[in-house]
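Enquirer: One letter stands for each residue in the lines below.
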Amino acid sequence: MEKFEYSSVVTGMGMSDIGRRLMRDPMALTVDATLAAIADAGLTRDDIDGVCTYPGMVPGAGGFSGAGAHDLIDTLRLKPNWHNSGLEQAGQLGSIVAAMMAVATGLCRHVLCFRTVWEATYVQLQRTGQIRYSGGGGRLSGGMEWRIPYGAASAANWIAMYCSRYMHEYGLTKEQLGQIAVNGRKNAALTSYAVYKDPMTLEDYLSARMVSTPLGLYDCDVPCDASVAFIISHKDTAKDCRRGRGVGFEAVGTANTERVSWDQGDLRYLTGIDGPAKMLWSRTDLRQKDIDMVQLYDGFSFNALCWLEKLGFCGEGEAGAFLEGGQRIARDGELPLNTNGGQLSAGRLHGYGFLHEACVQLLGEAGARQVPNNPQTAIATSGGGVPGSALLLTAPR
Amino acid sequence: MSKTVKRPLPMLTDSNRFFWTSGADGILRFMRCTACRNYIHPPVPVCDKCLSMEQEVVAVSGRATLAAVTVNHQMWIPTIEPPYVVGIVEIEEQASVRLTTNIVNCAEADLRIGMALEVQFEECEDVFLPMFKPAGAGAKAQARES
Chain A
1 MEKFEYSSVV
11 TGMGMSDIGR
21 RLMRDPMALT
31 VDATLAAIAD
41 AGLTRDDIDG
51 VCTYPGMVPG
61 AGGFSGAGAH
71 DLIDTLRLKP
81 NWHNSGLEQA
91 GQLGSIVAAM
101 MAVATGLCRH
111 VLCFRTVWEA
121 TYVQLQRTGQ
131 IRYSGGGGRL
141 SGGMEWRIPY
151 GAASAANWIA
161 MYCSRYMHEY
171 GLTKEQLGQI
181 AVNGRKNAAL
191 TSYAVYKDPM
201 TLEDYLSARM
211 VSTPLGLYDC
221 DVPCDASVAF
231 IISHKDTAKD
241 CRRGRGVGFE
251 AVGTANTERV
261 SWDQGDLRYL
271 TGIDGPAKML
281 WSRTDLRQKD
291 IDMVQLYDGF
301 SFNALCWLEK
311 LGFCGEGEAG
321 AFLEGGQRIA
331 RDGELPLNTN
341 GGQLSAGRLH
351 GYGFLHEACV
361 QLLGEAGARQ
371 VPNNPQTAIA
381 TSGGGVPGSA
391 LLLTAPR
Chain B
1001 MSKTVKRPLP
1011 MLTDSNRFFW
1021 TSGADGILRF
1031 MRCTACRNYI
1041 HPPVPVCDKC
1051 LSMEQEVVAV
1061 SGRATLAAVT
1071 VNHQMWIPTI
1081 EPPYVVGIVE
1091 IEEQASVRLT
1101 TNIVNCAEAD
1111 LRIGMALEVQ
1121 FEECEDVFLP
1131 MFKPAGAGAK
1141 AQARES
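Order-wise, the sequence lines are chains A and B.
All the letters of the first sequence, read from the start, carry residue numbers 1 to 397 under my numbering.
All the letters of the second sequence, read from the start, carry residue numbers 1001 to 1146 under my numbering.
Calculated directly from the structure, the hints in this document are not laboratory data.
Even for Gly, the Cβ is constructed at its ideal location relative to N, Cα and C.
It cannot be assumed that every hint is accurate.
Claimed, not checked - Across the chosen pairs, the derived CB separations fall in these ranges: (1) ARG20/A x ALA1109/B: 34 to 40 Å; (2) VAL1046/B x GLU316/A: 30 to 36 Å; (3) GLU169/A x SER1061/B: 24 to 30 Å.
Construct the complete structure from the given sequences, taking the supplied hints into account.
Expert: Below is the structure:
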């Protein structure tokens, strides 16, 4: 039996405006992105027979979720055969894998996937009293009780501890880690939608204010307002779409092989990465040398380092040496990394930005930031610390 | 205990109350499988090793090793003033059992992954939060105070 990945292709991509404090209704962002994706595929809303998103409408999610599947279905009067959303899946890109499965099983021909955040505007509305904080005052539960009482309230703290342990084990330096951020910023200068485009040197990175040792300000991604959408189509329909072809899927990695925990698992590497990385390679004959670029989740710089190493682009503990100087990961280097700037500079598109950039590059539509030599393969990932996922994509054939 | 910090606190339930109130007598306790003596944390009703559902609350030494650490410089919770040290500690009885906690009574320059720690508790309303200090440090300080 042919593997399920081959049933699906990406036929459309769309983005809303992206920025800090756009002060726009998150559903408006979602409509912009989803209609753009439908148009990009050369389809109409009547062609959409599946809807899938991360995380969906989560109570109390604030700016973390801009629209749920039900909201969008009703707003656009879609009539999907199947729809799905959820926070508990293999990273944000787990929703793409779910869509692929709906296509492969024959439930759907064109699944509309989207991810909307409006964290920057939400915080602004809180500050100005237009949204009143509804949490607080109550007692902690659901796992938060083990960290929040100690002021370990942010993923910055939790991930900083892993990074401290990795540095202790393998001698990673801040100068090496910083190459991820500096490289991202350099790439973002050529990305029209990037939130941060101003040049940043390694010295700027090193002198930035400390957030939680060893992570400074530029190790942390930038919350923003954004919606990104894709059309995941059955491969047989691609010839009828606008481009007449689509970005292919070679393999997915969604395995969850570790403790789902911020402190009970392997403390050297963020959890939720090892399983997807191993599974990805188990589903393809391609190997690291065959990969033309990587778009690796960088909610924090250290996430991307963990993905780089767990995907086997360097040996155990050797990510620091791999990153040294930044040449290898540059857009014209041996393994271009986060060619749109990643979440550190382009903005927290929360997983979907990595797939978007991989598709744009594999279609040869990246303009000034196009990776040279006609790239044929890319890996896009999401997650780390929480269960993640990895996608191996191929240029249209 | 020095100044009282107002912290967000855990909701006490039938499964975690023993843990969060254990410090009332200065002793740290964990759930342990009665059948195979595997420590279980956070509390769940089944042993991850042997799947027995027979468990008991047992006292531990309170000694631990620092496994990962960060000095937090950003304010996340208005009542908890930075900087403060957050660590993950492994308990002496079973290294796979860990707590995210604060490391107290330790200068930043003296923090070392692998350092020996011991528990002390901070009482907050009906909760006793286990925190950790360098092993032996507290005893010396207490001796000086008395």
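Enquirer: Hint by hint, say whether it matches the structure.
Expert: Do the hints match the structure? See the list:
1. ARG20/A x ALA1109/B: 34 to 40 Å: Because 37 Å falls inside the window, the suggested range holds.
2. VAL1046/B x GLU316/A: 30 to 36 Å: 33 Å, holds
3. GLU169/A x SER1061/B: 24 to 30 Å: 26 Å, holds
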